[in-house]
Amino acid sequence: MTDSGLSPPTLASLAPSSDVTLAPAPGLRELFIGMLQVALSSFGGGLSAWSQRIVVEQRRWMTNEDFLTGLTVARLFPGPNQINMAVYIGASFRGLPGAVLALAGMLLVPFSLLMLLGLVYFQVHRIPEVDRVLAGVVAAAAGMALSMGFKILDTYWRDPVALGLAAVIFVAMAVLHVRLIPLVLVAAPLAMAWYWPRTPRPGPG
Amino acid sequence: MREVALASLGCTPVALTDLGELAQVIWTFLSLSLFSLGGGNTLLAEYHHLSVEQFCWLTDAQFADLYALAEAAPGPSSMIVGLLGMGAAWKEGPLWGLLSGFGAELAILLPSTLLMVVACLSWNRLKDSPWRVAFERGLGPITLGILFAVGLKILTTANHGPRAYLVSIVVCVLMLRTRISPLWFMGLAGLLGGLGVINR
Numbered sequence: 001m002t003d004s005g006l007s008p009p010t011l012a013s014l015a016p017s018s019d020v021t022l023a024p025a026p027g028l029r030e031l032f033i034g035m036l037q038v039a040l041s042s043f044g045g046g047l048s049a050w051s052q053r054i055v056v057e058q059r060r061w062m063t064n065e066d067f068l069t070g071l072t073v074a075r076l077f078p079g080p081n082q083i084n085m086a087v088y089i090g091a092s093f094r095g096l097p098g099a100v101l102a103l104a105g106m107l108l109v110p111f112s113l114l115m116l117l118g119l120v121y122f123q124v125h126r127i128p129e130v131d132r133v134l135a136g137v138v139a140a141a142a143g144m145a146l147s148m149g150f151k152i153l154d155t156y157w158r159d160p161v162a163l164g165l166a167a168v169i170f171v172a173m174a175v176l177h178v179r180l181i182p183l184v185l186v187a188a189p190l191a192m193a194w195y196w197p198r199t200p201r202p203g204p205g
Numbered sequence: 001m002r003e004v005a006l007a008s009l010g011c012t013p014v015a016l017t018d019l020g021e022l023a024q025v026i027w028t029f030l031s032l033s034l035f036s037l038g039g040g041n042t043l044l045a046e047y048h049h050l051s052v053e054q055f056c057w058l059t060d061a062q063f064a065d066l067y068a069l070a071e072a073a074p075g076p077s078s079m080i081v082g083l084l085g086m087g088a089a090w091k092e093g094p095l096w097g098l099l100s101g102f103g104a105e106l107a108i109l110l111p112s113t114l115l116m117v118v119a120c121l122s123w124n125r126l127k128d129s130p131w132r133v134a135f136e137r138g139l140g141p142i143t144l145g146i147l148f149a150v151g152l153k154i155l156t157t158a159n160h161g162p163r164a165y166l167v168s169i170v171v172c173v174l175m176l177r178t179r180i181s182p183l184w185f186m187g188l189a190g191l192l193g194g195l196g197v198i199n200r
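Heads up: the protein sequence lines correspond to chains C and R, in order.
Residue numbers 1 to 205, in the working numbering, belong to the letters of the first sequence in order.
Residue numbers 1 to 200, in the working numbering, belong to the letters of the second sequence in order.
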């Protein structure tokens with residue numbers, strides 16, 4: 001696979017990892033440095049692909065199965081996926097301290113950079129030329145925000161209940177201005193009750 | 001101009017130097033942390049409500065700018081909370097801005113991180129539980145609805161005028177159809193803005 005620089009790398013489906021010998025469990029220092037490496041490598045995007053490449057292929061800390069389990073857990077639980085993934089990797093080896101160090105390694109450089117950007121922004125954003133450029137940048141960024149919903153729409157396309165539920169949530173938020181926390185506290189139990197796994201009926205299939 | 005407009009709406013900025021106010025702000029971010037479904041972007045509309053409408057730290061334009069900055073910068077875009085925190089304390093000076101930015105990011109990450117550690121340690125018991133299955137299936141459509149509402153909110157916050165909307169829609173389609181890095185879109189749109197094609 002070639003990285004053209006135009007598009008971030010995608011998650012690789014690796015060969016079954018039964019024949020792979022794992023490295024010894026990383027210590028706190030290694031976790032920090034490893035996640036630092038992931039963060040630096042992924043500056044053009046594709047953070048999960050990079051973390052798979054480094055954690056599974058290069059450093060051999062965990063099998064690909066364990067890594068994919070981590071992605072599942074990271075997506076399921078609240079919190080940004082990539083940050084949750086760092087927590088998963090750290091916590092798998094060194095518990096809470098491991099999670100904190102992995103997180104620190106992942107966020108140190110990007111967060112410092114963002115704070116630097118912020119410092120510059122608040123100094124210069126009133127300059128008319130800067131504001132004009134930003135007016136354009138912001139329109140493109142809004143397009144990215146708009147695409148988030150469409151990106152996962154396919155998953156629910158054949159489930160009318162899911163689409164109806166999504167529509168109700170959309171109207172509640174966008175039209176009725178219901179705040180997120182009360183909305184989720186009411187909608188989540190109802191949705192969970194509807195989607196509660198039913199015991200499979202005995203029979204063919 | 002913007003300050004005058006805010007004052008006429010009767011929105012007084014919350015001062016972070018008041019300890020009571022500060023505690024309320026920190027509590028707000030801590031509690032939001034556990035509601036960041038589907039990767040954190042679901043909170044963007046809430047961030048807008050808090051920083052523009054409730055606490056009056058930022059204008060609409062500033063919020064949109066910070067969202068774009070967080071998207072353009074390397075690393076998880078949910079770090080926008082650090083920028084919001086910086087904006088909240090900016091009038092006290094850059095050092096307060098940095099401190100507040102760091103504090104806001106810490107507050108939004110702490111609860112979800114602790115929960116994630118617990119989840120990792122008990123995943124073997126959790127993974128076949130009906131609660132897990134129902135949570136995953138039930139929260140998916142809710143996340144979908146929230147993401148559409150968030151997209152619309154950002155769209156109307158950022159854009160003024162048909163040309164800006166056109167750019168957003170084109171970028172949205174390109175994001176879905178191609179794998180081109182969005183940095184190119186932002187760079188190109190920034191150029192259009194600089195040339196005066198897109199205004200606000």
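The reader is advised that the hints may include incorrect statements.
Claimed, not checked - In silico contact screen, one side only, chain C against chain R (beta carbon under 8 Å); selected entries: (1) Gly45; (2) Arg75; (3) Phe111; (4) Ala139; (5) Leu146; (6) Gly149; (7) Val168; (8) Ile181; (9) Pro182; (10) Ala188.
Said to hold, decoys possible - Sample of chain C residues at the chain R side, in silico, Cβ under 7 Å: (11) Phe77; (12) Gly79; (13) Pro80; (14) Gln82; (15) Phe93; (16) Leu116; (17) Leu117; (18) Val120; (19) Val124; (20) Ala140; (21) Phe150; (22) Leu165; (23) Pro197.
Because the hints were derived from the structure by calculation, they are not lab data.
Glycine included, each C-beta is placed from N, C-alpha and C at the ideal position.
Hints and how they fare:
no. : hint   : result
1   : Gly45  : holds (6 Å)
2   : Arg75  : holds (7 Å)
3   : Phe111 : holds (6 Å)
4   : Ala139 : holds (4 Å)
5   : Leu146 : holds (4 Å)
6   : Gly149 : holds (4 Å)
7   : Val168 : holds (7 Å)
8   : Ile181 : holds (6 Å)
9   : Pro182 : violated (10 Å)
10  : Ala188 : holds (6 Å)
11  : Phe77  : holds (5 Å)
12  : Gly79  : holds (3 Å)
13  : Pro80  : holds (4 Å)
14  : Gln82  : holds (5 Å)
15  : Phe93  : violated (10 Å)
16  : Leu116 : violated (9 Å)
17  : Leu117 : holds (6 Å)
18  : Val120 : violated (10 Å)
19  : Val124 : violated (11 Å)
20  : Ala140 : holds (4 Å)
21  : Phe150 : holds (6 Å)
22  : Leu165 : holds (4 Å)
23  : Pro197 : holds (5 Å)
Checked against the numbered hints listed earlier, the structure breaks hints 9, 15, 16, 18, 19; every other hint is satisfied.
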